[in-house]
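**Q** Residue numbers (numbering that gives the first Met the number 0), protein chains in the order written: chain A, 0 to 164; chain B, 0 to 707.
Just so you know, the hints here were simulated from the structure itself, not pulled from any lab data. Watch out, some of these pointers could steer you wrong.
Stated by the list, open to error - The calculated lysine-lysine pairs, modelled on PhoX-like cross-linking and capped at a C-alpha distance of 20 Å, are:
id, chain 1, residue 1, chain 2, residue 2
1, B, Lys601, B, Lys501
2, B, Lys291, B, Lys365
3, A, Lys127, B, Lys210
4, B, Lys210, B, Lys665
5, A, Lys127, B, Lys365
6, B, Lys210, B, Lys291
To be verified - Derived CB-CB ranges, DEER-like:
id, chain 1, residue 1, chain 2, residue 2, range
7, A, Thr107, B, Pro504, 50 to 58 Å
8, A, Ser97, B, Gly569, 46 to 54 Å
9, A, Pro129, B, Asp689, 39 to 47 Å
10, A, Ala112, B, Asp514, 38 to 46 Å
11, A, Glu146, B, Asp514, 51 to 59 Å
12, B, Asp514, A, Arg109, 37 to 45 Å
13, B, Asn136, A, Met99, 54 to 62 Å
14, B, Asp689, A, Ile55, 50 to 58 Å
15, B, Asn375, A, Ser97, 54 to 62 Å
16, A, Leu111, B, His691, 41 to 49 Å
17, B, Asp689, A, Pro140, 41 to 49 Å
18, B, Arg124, A, Ser23, 53 to 61 Å
19, B, Lys354, A, Glu146, 29 to 37 Å
20, A, Ala66, B, Ile418, 40 to 48 Å
Unchecked claim - Partner residues are not named here, just some residues of chain B that face chain A (Cβ under 8 Å, in silico):
id, residue
21, Val215
22, Ser525
23, Gly641
For clarity, every value in this text was computed on a predicted model and none was experimentally measured. Yeah, the Cβ is synthetic: ideal placement off N, Cα and C, and Gly gets one too.
Here is what each chain is made of, one letter per residue.
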Amino acid sequence: MGLRLGGMAILALALAASQAAAESFETRLSPSPLTDGTRVNITGEGRALVTWDGNILSVSGNFQDLAGNATTAALYDGLGIGIPGPKAFDLSLTQDKSGMIWGSLQLTRRQLADLRAGHFYVQIDSEKAPDGNLHGWLLPPHPFPGEGVPVAGPGFLPQFDVSKK
Amino acid sequence: MKKLLATSVLAVALASVAALALEDGPFTADQARGGAASYAANCAGCHGARLQGAGEAPPLAGASFMAAWGNRTTEEFYNLIKTSMPYGNGNSLDAATYRSITAYVLTYNGAKAGNTALAGTEKTRIAAVADGKTPANLAQAPVPAAAREQPATSYPPGRFGLTVAGELKSYNPVTDAMLAKPADADWLMYRRNYQGWSHSPLGQITTANVKDLQLVWSWAMNDGGASQVTPIVHDGIMFLSNVANTVQALDAKTGELIWENRIGPAPTRAYGATRALALYGDKVFVPTTDAKLYGLDAKTGKIVWQTVIEDAKEGYSNTGGAIAIKGKVLVGLTYCNRYETKHCFISAYDADTGKVAWRFKTIALKGEPGGDTWNNLPDEFRQGAETWIAGTYDPELNTTYWGTAQSKPWTRLSRGSGIGATLYANSTLALDPDTGKLKWHYTHAPGENFDLDEVFERVLVDHDGSKDVLTIGKVGVLWKLNRVTGQYEDSAQTVFQNVYEKIDPRTGVPTYRKDVLEAKIGDWISSCPGPAGGHDWPATSYDPKTDLMVIPLHQSCVLMRAEPMEKKIGVGGNSASQKLFEMPGTDGNLGKLAAYNTKTMKAEWSFQQKAPFLTGVLTTGGGVGFVGDFDRRVRAFETATGRTLWQTRLPTSAQGHIVSFAVDGKQYIAIESGLGGGSPVGKPTTLLPDIHHPNNGNAIFVFALPEN
Numbered sequence: 000m001g002l003r004l005g006g007m008a009i010l011a012l013a014l015a016a017s018q019a020a021a022e023s024f025e026t027r028l029s030p031s032p033l034t035d036g037t038r039v040n041i042t043g044e045g046r047a048l049v050t051w052d053g054n055i056l057s058v059s060g061n062f063q064d065l066a067g068n069a070t071t072a073a074l075y076d077g078l079g080i081g082i083p084g085p086k087a088f089d090l091s092l093t094q095d096k097s098g099m100i101w102g103s104l105q106l107t108r109r110q111l112a113d114l115r116a117g118h119f120y121v122q123i124d125s126e127k128a129p130d131g132n133l134h135g136w137l138l139p140p141h142p143f144p145g146e147g148v149p150v151a152g153p154g155f156l157p158q159f160d161v162s163k164k
Numbered sequence: 000m001k002k003l004l005a006t007s008v009l010a011v012a013l014a015s016v017a018a019l020a021l022e023d024g025p026f027t028a029d030q031a032r033g034g035a036a037s038y039a040a041n042c043a044g045c046h047g048a049r050l051q052g053a054g055e056a057p058p059l060a061g062a063s064f065m066a067a068w069g070n071r072t073t074e075e076f077y078n079l080i081k082t083s084m085p086y087g088n089g090n091s092l093d094a095a096t097y098r099s100i101t102a103y104v105l106t107y108n109g110a111k112a113g114n115t116a117l118a119g120t121e122k123t124r125i126a127a128v129a130d131g132k133t134p135a136n137l138a139q140a141p142v143p144a145a146a147r148e149q150p151a152t153s154y155p156p157g158r159f160g161l162t163v164a165g166e167l168k169s170y171n172p173v174t175d176a177m178l179a180k181p182a183d184a185d186w187l188m189y190r191r192n193y194q195g196w197s198h199s200p201l202g203q204i205t206t207a208n209v210k211d212l213q214l215v216w217s218w219a220m221n222d223g224g225a226s227q228v229t230p231i232v233h234d235g236i237m238f239l240s241n242v243a244n245t246v247q248a249l250d251a252k253t254g255e256l257i258w259e260n261r262i263g264p265a266p267t268r269a270y271g272a273t274r275a276l277a278l279y280g281d282k283v284f285v286p287t288t289d290a291k292l293y294g295l296d297a298k299t300g301k302i303v304w305q306t307v308i309e310d311a312k313e314g315y316s317n318t319g320g321a322i323a324i325k326g327k328v329l330v331g332l333t334y335c336n337r338y339e340t341k342h343c344f345i346s347a348y349d350a351d352t353g354k355v356a357w358r359f360k361t362i363a364l365k366g367e368p369g370g371d372t373w374n375n376l377p378d379e380f381r382q383g384a385e386t387w388i389a390g391t392y393d394p395e396l397n398t399t400y401w402g403t404a405q406s407k408p409w410t411r412l413s414r415g416s417g418i419g420a421t422l423y424a425n426s427t428l429a430l431d432p433d434t435g436k437l438k439w440h441y442t443h444a445p446g447e448n449f450d451l452d453e454v455f456e457r458v459l460v461d462h463d464g465s466k467d468v469l470t471i472g473k474v475g476v477l478w479k480l481n482r483v484t485g486q487y488e489d490s491a492q493t494v495f496q497n498v499y500e501k502i503d504p505r506t507g508v509p510t511y512r513k514d515v516l517e518a519k520i521g522d523w524i525s526s527c528p529g530p531a532g533g534h535d536w537p538a539t540s541y542d543p544k545t546d547l548m549v550i551p552l553h554q555s556c557v558l559m560r561a562e563p564m565e566k567k568i569g570v571g572g573n574s575a576s577q578k579l580f581e582m583p584g585t586d587g588n589l590g591k592l593a594a595y596n597t598k599t600m601k602a603e604w605s606f607q608q609k610a611p612f613l614t615g616v617l618t619t620g621g622g623v624g625f626v627g628d629f630d631r632r633v634r635a636f637e638t639a640t641g642r643t644l645w646q647t648r649l650p651t652s653a654q655g656h657i658v659s660f661a662v663d664g665k666q667y668i669a670i671e672s673g674l675g676g677g678s679p680v681g682k683p684t685t686l687l688p689d690i691h692h693p694n695n696g697n698a699i700f701v702f703a704l705p706e707n
């Protein structure tokens, strides 16, 4: 019994250590760059969460209310926060107007640095918006306290970083 | 010689082939003819009767239009104007009208009518049917009356002048001493005091009782143009500017009209009312949207004098209001974004006579100090540096502080200004108000590239003997300078920005991103924030008790594409296309309100909300602040903490400058509901389609505590 308890304790400690080491990044998925003329096709919203456990990057998310079925989803490595760049990884998705995205990936050291610098973003394309329907930059968790609810300081304020490229 | 001849023949042949190669347009002649009248009635007010463009309205004809639209389709053009035009009123015309306007624009660009009516779904490449050359019969046609004077939607045409005669029982002339130290009950100028604080010392409304605020009176104002006004209050009389350069004197306690002067003309562009009247002596000063300055008798509203600031027929305007300093009225000028031999300037006029006292040109020309910052461009192609927000003043230093807008066109590539700083665009100017002489300047955004103005309020604050001037522009950086010397002191980032890689901590000079500097015409380049700011015209408020500056902020981004600009006198516009997106890390909250300690430059508190703010902030001696937004909401908040204490909603978006005043010992809060304007309204209209407000409803609402 004691041994079993001890084993569980060790497992719990290992899990806790693993969780402590894990880093997470998240984003709201919102319409890709649009004009009044293209707004009718670039609709919907969603959320994405990625977790880096030291070896694997796990991606999960959902989307809804697209004007046409989703066709592809991918992680892109931009030039900086808010600056588009090349595709880095394809993701799996539900090819529907609402659905899920997911994937498990391995990152190079440089890609990990880019992820931590906020360069990575998720993009979902659709039949109606093949060049980008939803997107969002992956940033550290930043819970929203609610409309008009004050926080101390400037709130979540990412700092721009282009030093890597 | 033979070779030359052959080359010439080949060139002529190629030109002929090119001309012949134009296909018939996907529209009929009848559609184009009908489109001329529809264009004049709905579009010419902003884009110009000759489709030449002005202000934020791009050219719709010629090389600039073809550069922007030649490789895009007629369907795309039709969809764009249908969903977004007239500006802020997309889908307000019937589909046939949008189709006919599309046909007219194509015809104006050399397209020939075909046999099939435009449906709007044709994927015809515009360059396949148009070459940007206007047929002579259209280029020389008289300008339709509707394009010369577009009546506002709810404005009775022809009714101008002193439409309501009346007389104040008494009027205390406004003196230099009053302006230097305004009575607590008054709101004598744009931001109440010369320091630009937008702060009222009145303390009857407190954090404890603000929840009891009630509407005392309201007053509908002229619709038909942008309204972002500041009620000016002196001795219980409210002077109110309206669309169509209308000025009214109202009893500030009851809302009774005493006199009204509809100076006119009816608005012919997106901007309809000056942001700020000015008072001095026995007069009210009215800078108008047709670039004139009027001195009205404050007791009767009658015109005492008028003077021309600049020729409105050439597109110039004043929207930024005026400031009165030692017997002079100082005004700015806007819409200096066409290639002309003239340039933008700040000017001063004698308050008694209207006679011009001085002008300070805000563009450095060849051979002048700073003239070498324009990449050797000819003088006529150095434009912008508008002053569309009135300045502030330090009586002790006898210095007036003004901000300037960016150079035009917006992007370095379209301007051809290279890496030049383009003085005196996007700068703080310190001028001698007696002579207009420049004391110093500081350029916040040298060679700006994304329509990120640094034109907004200059706020004067003292700390332990240090005389500072603070300002914040569209990039969202709060700047602090020494206002005696113009030396950079400090800065703080208030929203996410990715335009600058870094800001030199010693000089404040920003370094642009590498991909911005290496961009080519046609590249889509990211700008966070976009042209709505960061910070825009809705002004900050400085609370001297807490040393907090409360700043309304906007959070959205754009991809911007530089378009080529034809280097030709008369051509105008900003020459860039935009696509909008939410700012990363904001979770779709376009609105942010933040309070910064002006000594430490650290944020004390902040909050976010979906709707962006469209009013200036008011702080008061009772520790209560007020702000209004795109979603018709007005919030009262505790200045020290940002905690919401009271809120209400107006009939349409809350817009303009909130003021406080007192009559017979009672404190009032005046808030405008208003419409129209540029990016601060346009961006959320596109990005927040679920937020609705009526497209009319300019009005003023006055609140106070109950009698008991």
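**Q** Now tell me, hint by hint, if it's right for this structure.
**A** For each hint, the structure was consulted:
{"no.": "1", "hint": "Lys601(B) with Lys501(B)", "result": "18 Å, holds"}
{"no.": "2", "hint": "Lys291(B) with Lys365(B)", "result": "29 Å, violated"}
{"no.": "3", "hint": "Lys127(A) with Lys210(B)", "result": "48 Å, violated"}
{"no.": "4", "hint": "Lys210(B) with Lys665(B)", "result": "16 Å, holds"}
{"no.": "5", "hint": "Lys127(A) with Lys365(B)", "result": "51 Å, violated"}
{"no.": "6", "hint": "Lys210(B) with Lys291(B)", "result": "43 Å, violated"}
{"no.": "7", "hint": "Thr107(A) with Pro504(B): 50 to 58 Å", "result": "33 Å, violated"}
{"no.": "8", "hint": "Ser97(A) with Gly569(B): 46 to 54 Å", "result": "52 Å, holds"}
{"no.": "9", "hint": "Pro129(A) with Asp689(B): 39 to 47 Å", "result": "25 Å, violated"}
{"no.": "10", "hint": "Ala112(A) with Asp514(B): 38 to 46 Å", "result": "19 Å, violated"}
{"no.": "11", "hint": "Glu146(A) with Asp514(B): 51 to 59 Å", "result": "35 Å, violated"}
{"no.": "12", "hint": "Asp514(B) with Arg109(A): 37 to 45 Å", "result": "18 Å, violated"}
{"no.": "13", "hint": "Asn136(B) with Met99(A): 54 to 62 Å", "result": "60 Å, holds"}
{"no.": "14", "hint": "Asp689(B) with Ile55(A): 50 to 58 Å", "result": "38 Å, violated"}
{"no.": "15", "hint": "Asn375(B) with Ser97(A): 54 to 62 Å", "result": "57 Å, holds"}
{"no.": "16", "hint": "Leu111(A) with His691(B): 41 to 49 Å", "result": "44 Å, holds"}
{"no.": "17", "hint": "Asp689(B) with Pro140(A): 41 to 49 Å", "result": "26 Å, violated"}
{"no.": "18", "hint": "Arg124(B) with Ser23(A): 53 to 61 Å", "result": "47 Å, violated"}
{"no.": "19", "hint": "Lys354(B) with Glu146(A): 29 to 37 Å", "result": "52 Å, violated"}
{"no.": "20", "hint": "Ala66(A) with Ile418(B): 40 to 48 Å", "result": "42 Å, holds"}
{"no.": "21", "hint": "Val215", "result": "25 Å, violated"}
{"no.": "22", "hint": "Ser525", "result": "4 Å, holds"}
{"no.": "23", "hint": "Gly641", "result": "3 Å, holds"}
Of the hints listed earlier, those the structure fails to meet are numbers 2, 3, 5, 6, 7, 9, 10, 11, 12, 14, 17, 18, 19 and 21, in rising order.
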